[in-house]
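Student: Residue strings, one per chain:
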Amino acid sequence: MFRASPLPDKQTRTMLPFKRNRRQILPGFGLSMGYTVFYLSAIVIVPLATLVAGSFRIAPDLFVNTVTSPRVLASYRLSLSTALIAAMFNAFFGFLTAWTLVRYRFPGRKVLDALVDLPFALPTAVAGICFATLYSPVGWVGQFLGRFDIQLINAPSGIVIALIFIGFPFVVRTVQPVLAELEPEIEEAAHSLGASRWQAFRRILLPHIFPALLTGVTLSFARAIGEYGSVIFIAGNLPFRTEIAPLMIMSKLDQFDYDGAAAVALVLLLISFSMLLVLNSVQRWQEKAYR
Amino acid sequence: MQTGPNPDKTALRHRTGTSHQDPLAVRVILIFLTLLFFGGFVFLPLALVFAEGFRKGAAVYIESIREPYAIAALELTLTTAAIVVPLNAVFGVAAAWAVSKFTFRGKTFLVSLLDLPFAVSPVIAGLIFVLLLGSRTTLGSWLGEHGIKLIFSTPGIVIATLFVTFPFVARELIPLMESQGREEEEAAVTLGAKGWQVFSIVTLPNIRWGLLYGMILCMARSIGEFGAVSVVSGHIRGMTNTIPLHVEILYSEYNYAASFAVASILVFLALATIVVRSIMENALHNQQQTQF
Amino acid sequence: MAPVTVSISEPAFFLPVFNQYEETNKGNHIMNFTRFTRSQVTAGLLLFSGFFASAVQAAPANVTLLNVSYDPTRELYQAENAAFTSYWKQKTGQTVTINQSHGGSGKQARAVIDGLEADVVTLALAYDIDAIADSKLIATNWQQRLPQNSTPYTSTIVFVVRKGNPKHIRSWDDLVKPGTSVITPNPKTSGGARWNYLAAWGYKQKQTGSATQAKAFVKALYKNVPVLDTGARGSTLTFTQRGLGDVLIAWENEAHLVIREFGADKFEIVAPPVSILAEPPVAIVDRNVDRHGTRKVAEAYLNYLYTPQAQEIIARNSYRPRNITVFRKYASSFPNIRLFTIRELFGTWRQAQKTHFSDGGTFDQIYAP
Numbered sequence: 015m016f017r018a019s020p021l022p023d024k025q026t027r028t029m030l031p032f033k034r035n036r037r038q039i040l041p042g043f044g045l046s047m048g049y050t051v052f053y054l055s056a057i058v059i060v061p062l063a064t065l066v067a068g069s070f071r072i073a074p075d076l077f078v079n080t081v082t083s084p085r086v087l088a089s090y091r092l093s094l095s096t097a098l099i100a101a102m103f104n105a106f107f108g109f110l111t112a113w114t115l116v117r118y119r120f121p122g123r124k125v126l127d128a129l130v131d132l133p134f135a136l137p138t139a140v141a142g143i144c145f146a147t148l149y150s151p152v153g154w155v156g157q158f159l160g161r162f163d164i165q166l167i168n169a170p171s172g173i174v175i176a177l178i179f180i181g182f183p184f185v186v187r188t189v190q191p192v193l194a195e196l197e198p199e200i201e202e203a204a205h206s207l208g209a210s211r212w213q214a215f216r217r218i219l220l221p222h223i224f225p226a227l228l229t230g231v232t233l234s235f236a237r238a239i240g241e242y243g244s245v246i247f248i249a250g251n252l253p254f255r256t257e258i259a260p261l262m263i264m265s266k267l268d269q270f271d272y273d274g275a276a277a278v279a280l281v282l283l284l285i286s287f288s289m290l291l292v293l294n295s296v297q298r299w300q301e302k303a304y305r
Numbered sequence: 003m004q005t006g007p008n009p010d011k012t013a014l015r016h017r018t019g020t021s022h023q024d025p026l027a028v029r030v031i032l033i034f035l036t037l038l039f040f041g042g043f044v045f046l047p048l049a050l051v052f053a054e055g056f057r058k059g060a061a062v063y064i065e066s067i068r069e070p071y072a073i074a075a076l077e078l079t080l081t082t083a084a085i086v087v088p089l090n091a092v093f094g095v096a097a098a099w100a101v102s103k104f105t106f107r108g109k110t111f112l113v114s115l116l117d118l119p120f121a122v123s124p125v126i127a128g129l130i131f132v133l134l135l136g137s138r139t140t141l142g143s144w145l146g147e148h149g150i151k152l153i154f155s156t157p158g159i160v161i162a163t164l165f166v167t168f169p170f171v172a173r174e175l176i177p178l179m180e181s182q183g184r185e186e187e188e189a190a191v192t193l194g195a196k197g198w199q200v201f202s203i204v205t206l207p208n209i210r211w212g213l214l215y216g217m218i219l220c221m222a223r224s225i226g227e228f229g230a231v232s233v234v235s236g237h238i239r240g241m242t243n244t245i246p247l248h249v250e251i252l253y254s255e256y257n258y259a260a261s262f263a264v265a266s267i268l269v270f271l272a273l274a275t276i277v278v279r280s281i282m283e284n285a286l287h288n289q290q291q292t293q294f
Numbered sequence: 025m026a027p028v029t030v031s032i033s034e035p036a037f038f039l040p041v042f043n044q045y046e047e048t049n050k051g052n053h054i055m056n057f058t059r060f061t062r063s064q065v066t067a068g069l070l071l072f073s074g075f076f077a078s079a080v081q082a083a084p085a086n087v088t089l090l091n092v093s094y095d096p097t098r099e100l101y102q103a104e105n106a107a108f109t110s111y112w113k114q115k116t117g118q119t120v121t122i123n124q125s126h127g128g129s130g131k132q133a134r135a136v137i138d139g140l141e142a143d144v145v146t147l148a149l150a151y152d153i154d155a156i157a158d159s160k161l162i163a164t165n166w167q168q169r170l171p172q173n174s175t176p177y178t179s180t181i182v183f184v185v186r187k188g189n190p191k192h193i194r195s196w197d198d199l200v201k202p203g204t205s206v207i208t209p210n211p212k213t214s215g216g217a218r219w220n221y222l223a224a225w226g227y228k229q230k231q232t233g234s235a236t237q238a239k240a241f242v243k244a245l246y247k248n249v250p251v252l253d254t255g256a257r258g259s260t261l262t263f264t265q266r267g268l269g270d271v272l273i274a275w276e277n278e279a280h281l282v283i284r285e286f287g288a289d290k291f292e293i294v295a296p297p298v299s300i301l302a303e304p305p306v307a308i309v310d311r312n313v314d315r316h317g318t319r320k321v322a323e324a325y326l327n328y329l330y331t332p333q334a335q336e337i338i339a340r341n342s343y344r345p346r347n348i349t350v351f352r353k354y355a356s357s358f359p360n361i362r363l364f365t366i367r368e369l370f371g372t373w374r375q376a377q378k379t380h381f382s383d384g385g386t387f388d389q390i391y392a393p
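Protein chains in written order, with this note's numbering: chain P, 15 to 305; chain S, 3 to 294; chain A, 25 to 393.
Isolated chain P (complex conformation) (with noise of 0.2 Å):
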């Protein structure tokens, strides 16, 4: 990432990591730029380091044991696709709910869109319990749902509904901006060309907003991938069946286990990481290829 590249151009060569290109004439680069890295490090990346520091203090063949356990592996997996199936979901019902704030009028519209932020302000235990008593069989939708026989909590599909709650506002908010600065124009001009409703949504429309689309599922996939609070009042936490990869990490430190609970976070924070690193690097791509 940071080696000189063997591109001939000359620019590119001089552009060095974390320096400025000498063309730019803006003030303030050393600055912004210096504090933004303290500021980083100190938050995050020094307290990060010492959870990767620790798990390195661990043998190597204790590690690998660690984190490729069956077990530990089982709650890889859920936590994954529970997250991945949340993730579609918040692509779908976001997508959906900027395309109606941004595009309908409609009484109480506004307070839907403030709502959309409820799922960062209310704990994420709340949301749990929340959920858990709802859906329980006692509960106002489980009650229902038991007459037709369906139990959703408990189950990797109770794990699936906290998930959608706490990743969905991220969707509807990198989707929402963009939705709203797109032209009428561009629309107008595709319906005007003889191109249907549909094929205007799916060639002009779509290919514009993907890549806020792609950051918002991303962002509430990464988040979800590590989410616990919410999760463990609904999820039934049954190993190899809802025991999800944040409780392993609990469960190893309630045993006094550090090196294992850092080697379980630490493969769970890589995963997480080169998520967000494809996904940037794809949008910046697009970006280019956009403009």
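What the hints contain is simulated information worked out from the structure, not anything from laboratory work. Hints are supplied without guarantee of correctness; some may be wrong.
To be verified - Taking beta-carbon pairs under 7 Å as the criterion, some of the chain P residues facing chain A (in silico): (1) N168; (2) E199; (3) G250.
Predicted model only: the values in this text are computed from it and were never measured. In this text, a Cβ means the ideal position worked out from N, Cα and C, and glycines have one as well.
On the provided structure of chain P, position chains S and A as indicated by the hints.
Tutor: Same frame as chain P, but now just chains S and A:
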């Protein structure tokens, strides 16, 4: 996370451009689906919070909110937010300035690092500060010998919250400032403006709504954070319990009415952002009308 | 943000276009800036006061203790702390404030290890205090320093069933019947759950004399468990509030609390004929009391728990008092259960932990696919 132009203004534009307005049936179906989704995922939990909070009557509700431990928890929560939001706002502006106004290698990597706290499990977020500052570590034991308490007291809660809400302002501002380009600032520099002048006179007016949106999100998340704070708090009643932790404690004491009553404070704080945002949006609207 | 305020003073050399821009926005600008500045000042002050408030120690005339305890003891220590405070005031004239922290036993032990400055710990099982002793905060002989293995009260594990006991649950063997749904927390994250697990295991091992059969029994029992909550209170709520399960395995004191809180018309307690003697221990955290200068009052506090007055409070909160006289007085609320100790069947807590609950232990084995 980014903020475009005022959605209301765009909506106005869309309403007038009738040629591409969706058919009524489509509109009704989509609005219905959205409401259905909100019904299941937002209104039901919200209704439950209030139904449970008021189950034992308004007197119990008010009593549980006014109880000293609840007040202490509210104070701690608001103190934390009051420290965290400005710090992360300053950082967000600096980071957005560096990322959006300059080209440099490793930008994608840097932006991904900024996003990282979103992807870190709250449990891990708490854990790393315990690993860093806990008394088993060199740094932690040094702090302990000098009588400085960081974790299991207010500073620890602040630090963990800083971490969890770290990206919000930056994430909001970067796309906004990138879309605005750097021409205006460059023009100001050419005209002889110095660094801070460029920022305060050209950039800040352009980004202040985005900045405030980011701060509101940051605020919402910092008052609601549970997992990370739970790990570093120590749960000392009346001292290191934030509102979310207090809710959990009341719940564990089988004191549901009180627990949901206190949780509803957080709902009110979240709903207060509706008001703030409406005021902001209206102000922006008026300002744009005077401007053009 | 701070320098922004400074730059409001308009630079004279600026072209009119900038001035104009500035003017149209002036009202808003100033409003926003003052708000920023004020909140920043407040934030700064709060930050500093936060740092200092937590760094300053209590004055010796008034003494403060921090009791770090496990979840179910909230009500118990609320009463005990009030009683001790007035006792200590009478005896020494000193005002003692006892702060409480509650949570899962293992998590609480970890917090103390990581620097939560507890003067005394009152946890669910000896293993958690052993872990604190391992990090040299407590003398390793802590369990010999106070009477009766440093456990001022005991408890046991019983069943809570729905009113009328529709599944006719009488003993441990009824829990493994097909179609019986059992609620118990996760032994990995809950101290109470470990007592539950060992009680079931011990029952079968005593009955058959075989660890293999005990393991098969426990495996069958956990087949009937649909939810493993992370704490004992979580399980109680799953059973009572969510309507899941036919039987809840719980601490005896929690079972009584369920009846008090949710009504005898909804639930009833079933005492199995055999169960485990649960001994939740207490200890002084030597390093912290020496640093705080609170050893004397902390020792007095823990010793007070053995006095008849404190034992009465213990009995009223449905824990089994150690004091024979008090126990006899409240005997009617403690059904006659044959109790075996952990030492009898499992050795020390460290051994029990390693065999059953550490990674790869019997609990992991019964879940292995």
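Student: Hint by hint, say whether it matches the structure.
Tutor: Okay, the hints, checked on the actual structure:
Against a cut-off of 7 Å between C-beta atoms, the interface hint on N168/P holds, since the closest Cβ of chain A lies about 5 Å away. The criterion of a C-beta within 7 Å of any C-beta in chain A is not met by E199/P, whose closest approach is roughly 28 Å, and the hint is violated. The interface hint given for G250/P holds, since its Cβ lies 5 Å from the closest Cβ of chain A, which is under the 7 Å cut-off.
Consistency note: the structure conflicts with earlier hint 2 alone.
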